[in-house]
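Participant: Model the full assembly from the supplied sequences, consistent with the hints where possible.
In the numbering used here, the protein residues as written are 1 to 484.
Source of the hints: derived by calculation from the structure; they are not laboratory data.
A hint or two may mislead.
What the hints assert, rightly or not - Keeping only pairs whose Cα atoms sit at most 25 angstroms apart, straight-line, the calculated DSS-like set for lysine-lysine is:
#1 Lys195 / Lys254
#2 Lys243 / Lys419
#3 Lys64 / Lys192
#4 Lys276 / Lys254
#5 Lys394 / Lys405
#6 Lys195 / Lys243
#7 Lys71 / Lys134
#8 Lys71 / Lys195
#9 Lys134 / Lys195
#10 Lys446 / Lys419
#11 Lys54 / Lys277
#12 Lys469 / Lys394
#13 Lys192 / Lys59
#14 Lys134 / Lys59
#15 Lys134 / Lys70
#16 Lys276 / Lys243
#17 Lys134 / Lys64
#18 Lys254 / Lys277
#19 Lys54 / Lys394
#20 Lys64 / Lys469
#21 Lys469 / Lys405
#22 Lys419 / Lys394
#23 Lys277 / Lys195
#24 Lys262 / Lys192
#25 Lys277 / Lys64
Claimed, not checked - FRET-style restraints, in silico, Cβ to Cβ:
#26 Lys254 / Arg172: 21 to 27 angstroms
#27 Ile466 / Gln191: 50 to 56 angstroms
#28 Pro56 / Ser436: 49 to 55 angstroms
#29 Gln388 / Lys262: 40 to 46 angstroms
#30 Arg172 / His395: 36 to 42 angstroms
#31 Asn73 / Gln388: 47 to 53 angstroms
#32 Gln268 / Ile236: 42 to 48 angstroms
#33 Asn242 / Ile466: 32 to 38 angstroms
#34 Gln193 / Lys394: 48 to 54 angstroms
Ideal Cβ placement from N, Cα and C applies to all residues, glycine included.
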Amino acid sequence: MMTMMTESSPMSTEFVKGWILSTPLGEGHFGQVWLLVNNETDECVAAKVIDLSKHPEAKTSLTKEICFHKKLNHENIIKFIGHRTDETIEYIFLEYASGGELFDRIEPDIGMDTSLAHRFFAQIIAGVEYLHSKGIVHRDLKPENILLDENDNIKICDFEMSTLFLYSGVERLVNSTSGTVPYMAPEIFTQKQVKAAPIDIWSCGVILVTLLAGELPWDQPTDDCEAYRDWIDSDITSYPWNKIDSLVLSLLRKILCPNVTKRYTLTQIRNHHWFKKWSKNNENHQLDDDGDGQGYKRRRLADSDVSTAGTAVVSSVSQPSDVLMNSQLSVWMTNKDNNNKHKSFSQPTAVDNMILNTQLTPFGNSQSVYQRLVKRMTRFFTNRDSNQTFRRLKHVFDERNYTLKTPLPTQFTISTNDKRGMPLVFSANIIEMNPSNILVDFRLMKGNGIEFKRHFISIRNDINDIVVKGPITWPIACATHTLP
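Facilitator: Printed below as a string of structure tokens:
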């Protein structure tokens, strides 16, 4: 029997037989994304859940989104597993990207190392190039809609605002009503219909600025925005442009060009000297385990014993006799219009992996799923018990005049506005790993990722006296944590 997922659903309830509803991963325009975990095999699936009785206007965009997902098969696009409609509830099942969100790797006001920024940017360009080759324009590219897999490869997601602009070689203009304001191209604010590909390319340019500088270049690209006027007037000696190398600035001048006819195409971006220079440097490197962009320390564990289970899971999708294909969820998701090439799972990951940090400690053949840890920078341990941690956090939140909800005794949902006056919603979960190790895990639910990161850092600084300093012995933390 299926349990409908709602905002107040408790952690670790059974969704369908054999699959545990773990925790919300985030929010879309019309609903939430939840993590589902197989309690026997540890496979993970992301489930996007939309209640059409509450959002009847979402029906058309959902139909398009599912249609687009079925057409797409690229390493830098989130993989589609299946979909299901039950009365008014629509479910879309997607690959679980265990590397976390791209915005989480961007340090506010700092950004990241240039080589790391280029690696991510090059993969975003590859994904967008593939989308455009299929005649699809995304229309809402931003770090919040870009995920990372276990090997830190880009996975573009969230196609709610996407539309078809090219069919049988015929290109059409698209309505300029979609997007997230700071990432939207300037022509969207002045024209009713615009060329499709250039608006995605503009968004890629804004993303590159955020990767390199750790902040958005402007609130919106209109003449009444001083920061945007400075850019148009070539005043690039001020913040954030003075943090960016002149070579990449020359590329950004071509991408963030208000004249659509002169704006760089994807091919021209690939041929720019900065793009080609860093592509060569990054060819034979893997990201360091911490994902902090401070150098390539060592290869990840993708080729070790830790990942062998993942290979088995992916291959098991085509094996009807396997435990995975016998599970109720897999049968439930199967659609006669979807063949096996659309069904792919990410690296098997246990529930606890969602709440742990980034350090990886190899243990050879004894390595368990509890040591394959999800990358997330917005968390910390405290040296107080869970009740004391809760009270201290509540005091900080009250002082900041946040709007608070406590859907669980160990969870806050915080609502506020960012510096642009836009809604920002995030959660803070208090997890007792053992009596002396209390983990506080923050998740963005709605709003700008970099602004969320700013709030997280400020909150952490406010309670710095109870934040554990130095590395945690993660295998001990994993071994002593009891599953709910």
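Participant: Taking each numbered hint in turn, which are not upheld by the structure, reported in ascending numerical order?
Facilitator: Numbers 6, 11, 19, 20, 21, 23, 25, 29, 30, 32, in rising order.
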